[in-house]
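S.K.: In case you want the letters, here they are:
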Amino acid sequence: MTGGRLDAHVVVRRRGDFTLDARVHAEPGEVVAVMGPSGAGKSTLLGAISGLVSLSEGRVRIGERDVASAGRSAAGSRVNVRPALRGAVLLGQDARLFPHMSARENVAFGPRARGVSRKVALGEADDWLWRVGLPGMGEHRPAELSGGQQQRVAVARALATSPQLLLLDEPLTALDPETAGEVRAMLHEQLTTTHATALIVTHDAVDAAALASRLIFIEQGTISQSGPVASVLAAPATTFAAAVSGVNRILGVAHRGCWWARGVSPDVLIAAADADSQAVAAREGAALAAVFRPGVVRLERAAESSWTGALRIAEARAAEQGTEQSEPGSWLARIVRIERTPGGARVHTADPAVAVDVPADAVASLGLAPGTPVRLRVAPTDVRLLPVSETRGS
Amino acid sequence: MSRARETGGTLPPVLALPAVVGLALLVLPLTALIARVQWDSLWADITSPQALDALWLSFFTGILATALCVILGVPLALVIARAGPRTSAVMRVLVTVPLVLPPMVGGVALLFLFGRNGWLGMLLDEWFGMTLPFTTAAVVLAQAFVALPFLVLALEGSIRTSGVDYERTAATLGAGRWRILWRVTLPLAAPGLIAGIILSFARAVGEFGATALFAGNAPGVTQTMPLAIYTAFNGGGVDQGTAVALSLLLLVTAIAVLLLVRGWRVGAAR
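Chains as they are written, first to last, in our numbering: chain A, 1 to 394; chain B, 1001 to 1270.
Please note that the accuracy of each hint is not assured.
[To be verified] Facing chain A, from chain B, some residues (calculated, C-beta under 7 Å): (1) 1171; (2) 1173; (3) 1175; (4) 1176.
None of these hints come from the bench; they were simulated from the model.
Backbone N, C-alpha and C define an ideal beta-carbon position, used for all residues, glycine too.
Next comes chain B alone, as it looks inside the complex (with noise of 0.2 Å):
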């Protein structure tokens, strides 16, 4: 590489190398993953208990903290979009951090809310009698933190593109807001709403991180996906096999997510 400085190689080679030792570092990692699959025993591998115990979990909460990232989601997405550019820079802020903290850090974070001796933690115990932390809410709790900035962020997007020129024509046309809300202002934002929930599902999938922290790692009640591969490797219940056949489903379920993302953005471009 150096001699081709020296020779006063022109630009595009000399990148050529490090362009092609980073896709390797991507691509590279990810095909011996898939070297390591024993095609024979996977569909076995898959539905061993342990892994359709962790496939169910995290599919259910998966969709449970989707869910709940749609409906505090959009709302939260209207409002920052329809806020003034000071209030919503600020909530934009306020959204996008727990997308950039380390998801561990979430997970303490809940802990110190929801726990024995957290704010929200002590009143749940006195009232109801609830303790959230090393339950299956607390998974879907965990999840939706860091799900939640990627539907927000993607919808509210969307929405501030939209404008509000079109809610004024259907005002002046005499529908009142919940019908301008629901004809008018959601499905100009769809495209950002179905990409918004696609990436938060995706993202509530392969939490790790926060949920090991704030939900532990019980089998069949806090053990998703994730923490059943981890665990794998760790010497734990669930063996190897069980483990690299959960990761190609996790990679498989990410490619499929990427291609169906890009796929309502183009139909929104059309």
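Only chain A is shown next, with the shape it has when bound in the complex (with noise of 0.2 Å):
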């Protein structure tokens, strides 16, 4: 079994002023991961693949089949094919078993329904229960499985279908963290062995590493930015995918060959090693976002120990030296919120928002808390710059 092509440019407008435009291809057997905040669009787009959403503009083509198409397309005939007929099978947060089946009536019913005799899909069923790690658990009632369990069966339903597309609307978000892992790994198995093509939204950058070759970001309704998940994650084109990739992203323009922005006291430049980001930081005054990774930030204790004595330290010496002779790199930073993580705590200061990391022992031994004046530095091996092409409101 491999998965069909997947070719679709979406457009999906909604009452209010919500409206989705979005373009994603996947070939087959590739695996793309969908990622964006709550209501950017990401369930709206697997809802209008798969035909339970339909489209106000665009078209999407299955495999080597149009299965919608709308409005002012050039073909100008209207397609709708009923989500039945598609070959596209959504599985979502929620198993959504039939609860007045048993598990292998459950993965059975897909084929069934294309015509497959009772015995034959019974068989079938028992292979692909046996495949997602659950031989001789057909005959439970899902309300008898755990959460895990039940997600392992769902995944066995939509695979049993041999669809040309996998739409995977977050399947791993009511697992716990275990559970969660475990299915990823056989669904990592899976989706390998059965090449098939699949659409997965995920809020966990560690699923779109897990699974997906690609990864699309979805911001209010467009793509803000795609590519191999890889790249993406190293290089996030905004705040959300800087969140989610875990990493620092802040706002500045080029200047003096770095990053610069308005800090606390004085100005904040971040200098940067490699070629391409020199390159970016050359045209003075570009608009550019400076990214690290809070683990290679260095946080020590401000000279003086108070606010208004670090501030004055640090006006006294900006006024000697003069703006244009701050250090690169060093900044003065205030810390507005510390959060525990499991290897010691994450410190994230304001002017600029930069979060750091902190090993346990040296929270303690710096005293650190909320207002605490640090000097925050990062090595410009460390930093990425990367141009800043439109000018979205995060």
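Starting from two chains that each stand alone, build the complex the way the hints lay out.
M.R.: Dropping the structure here:
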């Protein structure tokens, strides 16, 4: 079984101002992850492709067939194939197993609908249950299965229809982290061995990295960034993408070959070492974003422990040296929030908004608390500077 | 009771009295009925020709009326459950009217529609030479008229509760509309359907008012159990021992229905 090609241009207008306008493409056997904030239109995109939501404009092509086209398309004719005939299976956060059927009857439902005889369909169902890690569980009712087991049955049920396209809408969100990890591994194995074409909506960058080869970010109804998962996560184009990727992304302008923004005091300059970044920063005054991971930022107490004192020293130094002399990659920052993380703490600072990962012992020895003045340092080799093309709200 | 209020008794003791009276009002008459049953002649009473006629007729017409309710009521419930909110509200009110209407009024209304001078009655007479009122078919129609709302409302509620998500899932798995209806929608609504069938059968068997006006009281043709009981106490052809026996039978049927419906509700909650 190999999946079909997906080629879709989905435009859905809804009451209010919301418009989803996204072009999505997946090669046969390719897994594409879709991420975006709530209400960005991810589920609407899957709904439009599966046929549960009708298009305002655009078209959807699954395999070699146009399954939907609407509005002012070149072909002119309006197509709207029923969900049952599209060859796309939608699997959501809730497994939605039919409660009145056993697990194997659930899995056999798709093949039965295709006209396969009951005996053969149930035999196939047993195979699929074995493949998703539930051998011998076929006779159980959905209510007797755990959340993870239900989701496994749902995956088996979806794959048993030999879909041209698998649409997964946050399939792991409802599961606890451990179960999610197991189901993710199973999903990865099944997507790989069946060469299914899949579109997976997720809020977790780990899902995208583990399951997909390409990643699309949708924000406010449009695609804000797309590309291979690794490169998108390494160079997030928006604040949301940066938050998902777990990196700092702060906006500024190019100045003296560095990233520049007005900080608390004095101005903040950040330099980058790689050639691409330096080329971006060479255009004086161009809008750009500095991207670096929270783990690469070094944090130390400011010279003066009180905030007013620290500010005075910084201002005195700035007056002495002049703003032009500000040291790149080092600035005074104010702690606004401290969060516990498994390895210690994440310190959030303001102006510019930068997160810093600090080991647990450092939190204690440095005596960090909200309001504490600190000095942050980041090495040029750890920073990438990216051009900011659009003036996006985020 | 008034003294209890004056002495400042708390609310629950005061309420206990009307509560007991209320319960007695419901239970005592039934006890009195059971007390009047002549147990030694019970079997003979039930198997007397008049009683057997009424029993058989009630059973037969009740089954037919319930079948009619299923054939018409299931599609109606499906349409109401899946219609837009405004349409379904209007339809639900229309379905509920016969439920709260005195059955006598229903009987009169049926007579005006199917009677010799009624809209449909005239057409039936002209085309087929058929007159519906005062036939066994009229009994079935009158019973279906009063029983249909029970089936529709019970099933419609059940369909609406189970929602459209499973149907959508079935559709994306490749199932056509009929397969979804038979394999997903109706099985999921089965508790409501079964409760509806039981309730509408019970209502059909107990029907009196509409039947009396629309179908009459001809022994063996339209005289169902409730009509036989009524006739007996008016000094008609059925003796009172039989009437009491038939009443007991209806009471037992009612209790059985209650237990069945409750059993299914529990099954649905599981």
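S.K.: The structure should be examined with respect to each hint, and the outcome stated for every one.
M.R.: Each hint, compared with the structure:
1. 1171: holds (4 Å)
2. 1173: holds (4 Å)
3. 1175: Check passed: Cβ of residue 1175(B) comes within 4 Å of chain A, closer than 7 Å.
4. 1176: holds (6 Å)
The structure shown violates none of the earlier numbered hints.
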